[in-house]
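Model the placement of chain B on the given structure of chain A, informed by the hints.
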Amino acid sequence: MPRQPPTKEELEARKIVGINLETITNVHDTNYPGHYPGEDHSWDIEKFKQEFSVEIHKNDPYEASFSLIGLDASIANAFRRIMISDIPTLAIEQVFLNNNTSVIQDEVLCHRLGLIPFTAGKEGLRNFVEWQAKPRETGEPADCRDSDTFQLELKVRCEHNPDAGPHETDPTKLYKHAHVYARDIKFNPVGRQYEWFTGENAIRPVNPDILIAKLRPGQEIDLNMHMHKGVGSDHAKFSPVATATYRILPVIDIVEPILGRDAEKFQKCFPQGVIGLEKVTAEDGKRDSRYLGHEGELKAVVLDAMRDTVSRECLRHDEFKNKVKLGRKRDHFIYGVESTGQLESDDIFLQSVQHLKAKAKTFEKQLVNMVR
Amino acid sequence: MAPTDDGFEALLEPFYNGKKLTDPIKTKEDKYQLVPAFLKVKGLVKQHIDSYNYFVEEDIKKIVNANRAIRSDQDPSFYVEFTDIRVEKPSRDDHSGMQPISHVSPMECRLRDATYASRVLVDIAFPQGKTRIIKKNIPLCRMPIMLKSSKCYLNGANNEQMQDMNECPLDPGGYFIVGGTEKVILIQEQLSKNRIIVEAGDKGVVTANVTSHTTERKSKTYVIYKKERIVLSHNVLVEPIPIIIVLKALGGMTDFEIMEMIAGGDASYQDDLLLSFEEATKAGVYTQQQALEYVGVRAKMGANKKGGRFNTGPKRSAADEGLDTLANLIVAHVPIEGYEFYPKAVYIAMMVRRVLMALHNPKLVDDRDFVGNKRLELAGQLLSLLFEDLFKGFTTTLRLNMENFFKKPNRTATYDPASAIGSNGASITYGLNRAIQSGNWTVKRFGMNRAGVTHVLSRLSYIAALGMMTRISSQFEKTRKVSGPRALQPSQWGMLCPSDTPEGEACGLVKNLALMTHITTEVDEKEVKEWVYAMIPGVTPITEYTGSEMHSPGVYVIHVNGTPWAMTRRPQHFTREFKQLRRRGMLDPFSGIYINEHFKAIHIATDEGRICRPLLIVQNGQPTLKAEHLRLLQLGKAAFVDFLRQGVVEFVDVNEENDALIAVREDDCTFQTTHMEIEPFTILGAVAGLIPFPHHNQSPRNTYQCAMGKQAIGAIAYNQFNRIDTILYTSVYPQRPMVGTKTIELIHYDKLPAGQNATVVVMSYSGYDIEDALVLNKASIDRGFGRCQVFKKWTADIQQYPNGRKDRLCVPRKNEDGNTEPKDHLLGSDGLATPGLQVHQGDVMVLKEIPVDQQSTGIAGAGDRGPDGFKQVPISYKIADPAYIDKVMVSSNEKNQSIIKVQTRQTRRPELGDKFSSRHGQKGVVGIIVEQEDMPFSDTGLCPDIIMNPHGFPSRMTVGKLFECLTGKASVIAGRRDYGYGDAFRSHPVEEMGKALVEHGFSFEGKDYFTSGITGEPHEAYLFNGPIYYQRLKHMVQDKMHSRSKGPRAILTRQPTEGRSRSGGLRLGEMERDCLIAYGASQLLLERLMHSSDATQVDICERCGQLGYRGFCHTCQSPGSVTQMTMPYAAKLLVQELISMNVGVRMQLEEKFPATQ
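From first to last, the protein sequence lines stand for chains A and B. Quick note on this note's numbering: the first sequence kicks off at -11 and runs consecutively. Quick note on this note's numbering: the second sequence kicks off at 52 and runs consecutively.
Bound-form chain A, shown alone:
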């Protein structure tokens, strides 16, 4: 018997990852040549262009959510990985301690400073900042340039507050500078940095209220810092994202009608807005005999499967056995990118695309060399 080409349903079903009570099935993509006899699944740019689409759900500066549809998991994951570890940002890398008489030890203080996310004018970050030159062969660090080193300063001294009331117990009122915050860090531009990073474009902490240290009268922190460009694979402080993640689109398939009390319970098995309750109408009965005789009762319908968190609670209850089929669409990636503040979320993603492209180009070159 000659092989039939797959039907559209079959093709769709292949894209579904099965969500069962204890297992997840069908996790690998089978969409490659040679997997299905007689079918050609070789990658084709035109076909890809046709099938690929992007949906944007949310695009806040520090939190973006969008869908890439029609992509392979490896590519989707590459974007995610690049966003976490390969997009360069600026962070404090060198600390020169002049004085630190606080209780917090030098190393700990430096570590804390390094983790503070900073931001600055986007133009400058994109077009001016360069990688720090490699150390010389003698082991000495290379000279600092205005394009790769940014000087910051933190100089705080805690003193008694003469205006404090006699029975004041709150240290922040009793003393001046009892708490050292990220906003106390001062940026000292040099050279061309004045052109790029002045005014509202100045280098500044994303969140000025990050507590760095606590001081008591007489204690002092006096230090200078150098900021450099780095990547997240080197240290997590350089990672531009708090989270960069994706999930694939949940699919809820109500196979058998779920009615009445069960429908209400079914709704509660999902986060709000996933399952709706509708009255069974006469048409339903006409269209599907299983609804016959239940007119007027409530039935469960899928409103928005994207909102589902895949808690698979509904699979735990016997009432819904064989009535619902859960799955996820393999090629629909819903990204969530939360920026730490230096770069905007969408920018981070776009940079990751550029990055992947650059990587591919490099790889191509190497590949050609290898073959030759």
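None of the hints are false.
Distance condition first, Cα-Cα at most 30 Å in a straight line; then the derived DSS-like pairs of lysine-lysine:
1) B:Lys857 x B:Lys874
2) B:Lys1046 x A:Lys253
3) B:Lys1058 x A:Lys256
4) B:Lys1046 x A:Lys313
5) B:Lys112 x B:Lys443
6) A:Lys202 x B:Lys952
7) B:Lys458 x B:Lys443
8) B:Lys112 x B:Lys495
9) B:Lys269 x B:Lys577
10) A:Lys253 x B:Lys1058
11) B:Lys351 x B:Lys495
12) A:Lys311 x B:Lys1058
13) B:Lys1046 x A:Lys309
14) A:Lys161 x B:Lys802
15) B:Lys1058 x A:Lys313
16) A:Lys(-4) x A:Lys311
17) A:Lys164 x A:Lys202
18) B:Lys1046 x A:Lys256
19) B:Lys277 x B:Lys254
20) A:Lys3 x A:Lys256
21) A:Lys267 x B:Lys1046
22) A:Lys164 x B:Lys938
23) A:Lys3 x A:Lys35
24) B:Lys802 x A:Lys202
25) B:Lys1058 x A:Lys317
Output of the computed footprint for chain A on chain B, the stretches with three or more beta carbons under 8 Å from beta carbons of chain A:
26) 985 to 999
27) 1070 to 1084
Read the hints as simulated data drawn from the structure, not as lab findings. C-beta: ideal position from N, C-alpha, C; glycine also.
Just chain B now, with coordinates in the frame of chain A:
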């Protein structure tokens, strides 16, 4: 509220834990509030403090009162009388007469290597002529002061005062500071004193023994049944004495009366005595006089040595000797007043009766391991033993001093004992300090010689210190292979923690107190007796009765502290009345009473060292604790003591527990119930209390955690950065555990935690996680997970020598170029390291010079003056990994010597091989550190800090860990702190946690959908994940990593040294050698055992076979047949050592490759 901040305020506050004042109080749920109320006044370390307070305030006075007068033999009219003694508050020892006495804080003592001690003052009276001179406040000695005791400045100090003294308000106290080190006197477990213990031996031998313990002496008396004879044995008796002779010697009884006293009307007991009576007759003992002589002859002369040596009086007759032995030595704790021997006769008869009873019914022997038969000795008691011994020694030397003075024929001045007291009292100071410092408790008069009584307080973590304060060490030998003393005793329920014991040789011998345990201090039994006589009718003294009356049916003998004292016919009524008196506060709350139906006896106990715990009183099936009691407690209008007096709670000791029916929960109460547990989780101790859901774990896991919790790195105390300890581990970002317990709050672990809440995913990952290894997220480490600091101390002391020369510090050295030596670059101009700088191996931290001339007298005129030069002895940093100078301290100790302490600090991030553990005895090392992007991630983008291998669960059965994870996850997600309780026996139900998870869109079982960070595809299984509290343990790779290619060798054998600290080699041992032999790798063997070890070239004379030297044989006087060869130096050494012992050794040489014939 109370003025002191002991950290319990929050627990008693009305708004605590989401509860408001107006919320209804349920006794069932809120009765746990009694636990903090109890811990405020008793429990945990308070027993140490109570015991010490009793010693310092009362016992010390009693001791001095008992030894109050010293009389001179030379001048009978002269005496010195100690009228009073008191202990001051701690002061500096090195104040001179010019300065006023200055207070000293514990922190100063720790830093200056001083002793936290105070002066002990005595008042004396002595005659001068006809007047009686009274001198007050004469310094006798210095007494080490227990921290937080009534004499300590920390006692009752509030947070602010504690801070002023640089002290941590959460520090438990209860230890001593001697020579700058913190020393704990461990609680010592012993068999109870002055109680009869009946044991059955082999071959039908039954013994009853009693350890008599009086202030005078300690001795053991045995009554032994052996081969149908009953005898009494004691150390002073040369041979055992037939029991009838002993009873006859005690006098006043006919044979018939003796028989009745022992056996009563029971014919079978009477039969057993037959042979014993016969024996007495055979020995020809009929009268008391004969019996006394019989005993006197057999008493060792050593017994009255004291009288004999100094009193050169007339030799005493055998009868006197016997009388003395019986009165003072045998069962010494039964007092003889006015030669009234009847009580002692009753006591010995009772011992015999017990032996006979055990003979007929083998069940009536006593169990040595029963907790009711044990007494715990605390710091106060141990110190009082020591002090009494030292004080007695002091009085004898003082008397000798006095005698020497009065011996002088012409005295110029009158004798003033005040100055002699001060100089001789130093021996007491020295004795006390030495005992606490070395842990050797030597009391000559009891023949007591115990080692290891004190230990250095472990400051590894807060829990380590606290755990040490509740530790009980047993007197049993660790080497003996008996299981009885090590086994878990049912009677230790609620008294001793069932989980907290070490593994290995001390297993079951070292125990820990449970949370609510209290150890009694002594109560005067006289007072109890008087109250009982006055208040309870139907009690008649035992001295008024004969044996037959004692043993008649329905009569119960009342024993006070093991000694028969009175009789009653209504035992139940009597005990009820007694308890009533106690509950009303007329009797001491710590006096115990119980009925022993087997022996028809009521026992009242008032002695010290009994283990007891508070229980709620239940009457008519209802606990007497009502909601209004708890309301008063919340309002701060009632304390635990009030509840004692109101009959709501009472202290019950182990023996009394046997008479009680204790309900665990309110629902279990019936009309038979007498008591109810305050909270079931209090059966665990402080250390086991950290474990969430311990009742879901396999029990050994809890025990493992108890050992590991003490090694966890965390916050040690609020004053941790002011301390300079030899080694100090602190965590950079410690966190309160997400899932806590009530115990955690009660012991303030939430304020000084040791661990972090790690997000854990249970899955197999990378293969580097086998054998419990963990996978760590690199980004988490970058962000500070598991980061810790290690502080180390380096000291230098600036000594002064008798010849007036001194050590000194010097300025950094310069090299030829005029620059500072690289090694000295840390040093300032004072020769001390500069804080904040990085130190590398070999860098000098203190540049000290010692004089070359230390021996001479230094008198130049006498020509005895050595060279003036100095030798440099720098204190340099010896560890391979660099550190920072944290602080430098310059001070002086009590001997006025300068001491310099330098503290170095390392901050360490977790690395491969560092040890971590959860709170369920699940330890593991870091197997691989993985980039964040390679970690699995959930739909929300969550990725784990730690990945744990699921193989850790099935065999360990630590269900508690799963519950912790689930509960933690639920409380994080729901933002509800009150979810996070994993108390033993009263934790939050896990089903509720599951529901909370579902509500927030997570899986009911805690298993969520994860995507692989490497492939980007979903994992085929749901992964169990959530926060689990992880502890970083002190074992770190950096401190253990070691290798050697070449290095130092031992001088004697020329073999490589051993151990990491000496950069030694790794030994190829006997068994490894066997393997190589078996394999046949002879060249490898040769290389390992000789060439890489101690190969040496020797000259051997082929003719005589002895060692030659430089190609010449001195035996043969010829160089002719001397050959060179290589051999292990150790073998050469052996040959020479044998020669030195006159054992001739000849070495015969052969060709290595003989020519083939």
